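Engineer: Given the structure of chain A, go ahead and fit chain D with the ligands onto it with the hints provided.
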Amino acid sequence: MKRRSVVSGMMVKLAPPVAFGVFVVGFIQLGLAYTLLNFKPMQLPPPSAVASAFIENFQAIARDSLVTVGPTLAGMIVGSLIGYLTAVFITRFPKGGFGLLYIMIAINSVPIVALAPIMNRWFTQPFPAKVSVVIIISMGAMAVNAFRGLSDLPDESRHLMRACDASNMEVFTKLRIPASLPYVFTALKINVSVAMMGTIIGEYFNDNTSGIGYMIKYTLRIGNRKAEGWAYILAAAIISILIYAALTLAQRRLVRWHASQRMGA
Amino acid sequence: MNLSQDRTEICLKNIRMRFQMKSGDPINVFDGLDLEVYKGEFISFLGPSGCGKTTLLRLIADILQPTEGIVTVGGISAAEARKQHKYGIVFQKPVLYDWRTVAKNVALPMEMMKIPKKEQEEKVTEMLQLVNLEGYENSYPFELSGGMQQRVGIARALSLDSEILLMDEPFSALDEFTKMKLHEDLLRIWEATGKTIVFVTHNISEAVYLSDRVCVFTANPARLAGIVDIGLKRPRNEDMLISSSYLAYMGEIRHIFEAGYEKD
Ligand SMILES: Nc1ncnc2c1ncn2[C@@H]1O[C@H](COP(=O)(O)OP(=O)(O)O)[C@@H](O)[C@H]1O
Ligand SMILES: [Mg+2]
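Chains as they are written, first to last, in numbering that gives the first Met the number 0: chain A, 0 to 264; chain D, 0 to 263.
Hints were generated in silico from the structure; no laboratory data involved.
Hints may contain errors.
[As the list claims (entries may be wrong)] Here are the computed distance ranges between Cβ atoms for each label pair:
(1) A:ALA249 x D:ILE241: 53 to 61 Å
(2) A:LEU246 x D:GLY145: 55 to 63 Å
(3) D:ASP160 x A:ARG161: 18 to 26 Å
(4) A:PRO127 x D:SER144: 51 to 59 Å
(5) A:ALA249 x D:GLU136: 31 to 39 Å
(6) A:PHE19 x D:GLU136: 43 to 51 Å
[Claimed, not checked] Capping the alpha-carbon separation at 20 Å, the derived lysine to aspartate or glutamate pairs in EDC-like fashion look like this:
(7) D:LYS21 x A:ASP154
(8) D:LYS113 x D:GLU79
(9) D:LYS103 x A:ASP164
(10) D:LYS82 x A:GLU155
Keep in mind that this is a model prediction, so the values were computed, not measured.
From the three backbone atoms N, C-alpha and C, an ideal C-beta is built for every residue, glycine too.
Isolated chain D (complex conformation):
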């Protein structure tokens, strides 16, 4: 019991989430969900759109509160964890502030924590190096491509060295080539920093390629249909994308997904 608590970074217990729709009946997105995320793992939430992935990530981030149930992050309540900057977050869109330069966007969380200017600047340089954007400090978001903007978003989420990185379909708007490059970069950063990464996606292949574990969700009803351990060795590389074990994991996930619907 104690052992598993030591390993647990994020814990969701008996989560119910009810949205009151403007017109008509409330909808239940989760009806008693239990899930644990382990320290240092790369875990994906995989499912079709509308199944509640974003909602789940927002519950962890204390952007939303569950109708029922308990969320703990790093052993404390989600609200407390947010206030202590336990996580960095990356959204589907880059969500950069247009009026701020790249450097100022990356520094935003540090600015709010009143970290000294000098230290902020050093950290910005370090972060931009990490995401391969050296030299773009003084550019404005509109001067960057979509992929570069998303890199700025990642640099910002990493800037406080939080133990947890929450990512909501961060690459789904990018082209295949940019996405592949960012996969490599993200895995490199994860391996270098030992962070816990919670990665939301609707792309089966992406989930398998990146993750230690993939949580497969179905929609209507939103339910965790199964969790798949991905045994592919690290570091991952693109050759694995055509390996038989990779294809077997893809098949297993498809199967879980279909079975999840057949139950009703």
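In isolation and in its complexed conformation, chain A is listed as follows:
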């Protein structure tokens, strides 16, 4: 009974996005996009062509995907870590530390299209160039969200710590850090798409001839390889969804006590 309700619950959740996907794919595949919206097949290849390009070039796409996933994950992890540690510092030393948050938000709002060419000049290797872009753009969301989770606590939960004669360290380990976990997941989820974007734009501007970003730029320029370009876009979307799903699973395990995990339950 319980198992069935979990399954049917998931089906209810998945129904709208699936229906929407089927509608869009069908709309294009049946030619409506071309007749009603005046698209040309070279601008928007039919889904069947994208699918067969995806299958035909699967090995190449997988290879380029790995090139892209590496710096995406590395940059996201390091950037989020820097953001979190900054948030811890600001929470512990709010007077001196608060300016850091503004600096971080300022750095964060430098456009990626400006950042990527700069980093490609700073680093000779493509990997560090891409990772540094991703680090810079994923610090901010984590710093802001984690700071909120670490500091936005009811007075009484801090008073309880004081009544227990907790040290500063214990206030962090027993109260602030666990309380911040739901916010950490929020920031990580924001950072998935941001990080993918950072890597892809980094590759777009890099001279190196691999990675999803480079391949999208390269194939979309060539008349008879446009469907392949779209297959790479599809790969980027699939990678984002997979990372997002992994985060959702981890979140379910680690913060199942949080209200965000009980909606509709």
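Structural biologist: Relative to the frame of chain A, chain D with the ligands by itself:
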């Protein structure tokens, strides 16, 4: 003099508490308050909201420090008493840590005192029995009703066997039936343990029913308008709630309260 010192558990001398408001003038919550709480008594701080009850409890708990005056708890300074875990505290909200199970929430103060795990577990079992929550060790706070959560909070406050229990409107968010049950439980625990209980409430009936003494506070200015000794015999029971002496105490408190305002 010596005799009264022996009886005194908490002593507040000439307390002034000034809050600097963000906008404008500072407000004086207490302007020279003197109060003694005796060992083993059940004492209530009764008054309308905003009269300074929570502030007073926080001064005793060394969560706040007075602008002027001295607070001693168990013969030592409030700060020292807090560090020596002389009191357990229960708040208006249960204040449980959502990520901890019931057992882990109850064990929190013991954990901070580095009490051995085995001993912690035994104590948790004992405390949960005391508050009628056996079998809920591994539940999470969100799985419990408001009344059950507040019981966990009480178990946590009792877990270190501190001599003093400070309670800030612990039952004011609960329904009447749950509240009645918790009154019985609290009195039973108090009688079994001989603790000193300082109980903050804005409910006259609750204060009379539970307490040995009721301190009646008025707001604006925050002032101790009077202290009423409640002579109802122990153990208390619900029949007393309709007795004439009970009603007389309620009337006396109302009178003190009104007179407290007429003075200005
Ligand atoms: N941290 C604070 N800063 C400023 N004013 C405060 C603070 N805490 C309490 N007060 C003020 O002190 C008065 C008493 O508050 P409180 O002790 O919470 O009253 P009660 O618990 O009786 O409702 C109120 O006027 C309140 O606004
Ligand atoms: Mg209060």
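Engineer: Each of the hints needs a verdict: does it hold here or not?
Structural biologist: A quick look at each hint next to the structure:
As the Cβ distance of A:ALA249 to D:ILE241 is approximately 58 Å, the hint placing it in 53 to 61 Å holds. The beta-carbon spacing between A:LEU246 and D:GLY145, approximately 33 Å, falls outside the hinted interval of 55 to 63 Å. Restraint check, D:ASP160 to A:ARG161: a C-beta distance of roughly 20 Å satisfies the suggested window 18 to 26 Å. Checked against the hint of 51 to 59 Å, the pair A:PRO127 and D:SER144 passes, with Cβ atoms roughly 55 Å apart.
For A:ALA249 and D:GLU136, the hinted distance range of 31 to 39 Å is not satisfied, since their beta carbons lie about 26 Å from each other. For the pair A:PHE19 and D:GLU136, the beta carbons lie near 46 Å from each other, so the given range of 43 to 51 Å is met. About 18 Å separates the Cα atoms of D:LYS21 and A:ASP154, which keeps this hinted pair within 20 Å; it holds. A C-alpha spacing of about 19 Å is found between D:LYS113 and D:GLU79, which places the hinted pair at or below 20 Å, so the restraint holds.
Proximity of D:LYS103 to A:ASP164 is assessed by CA-CA distance (about 17 Å); at most 20 Å being required, the pair is judged to hold. Taken as a hint, the D:LYS82 and A:GLU155 pair is honoured in the structure, with Cα atoms around 18 Å apart against an allowance of 20 Å.
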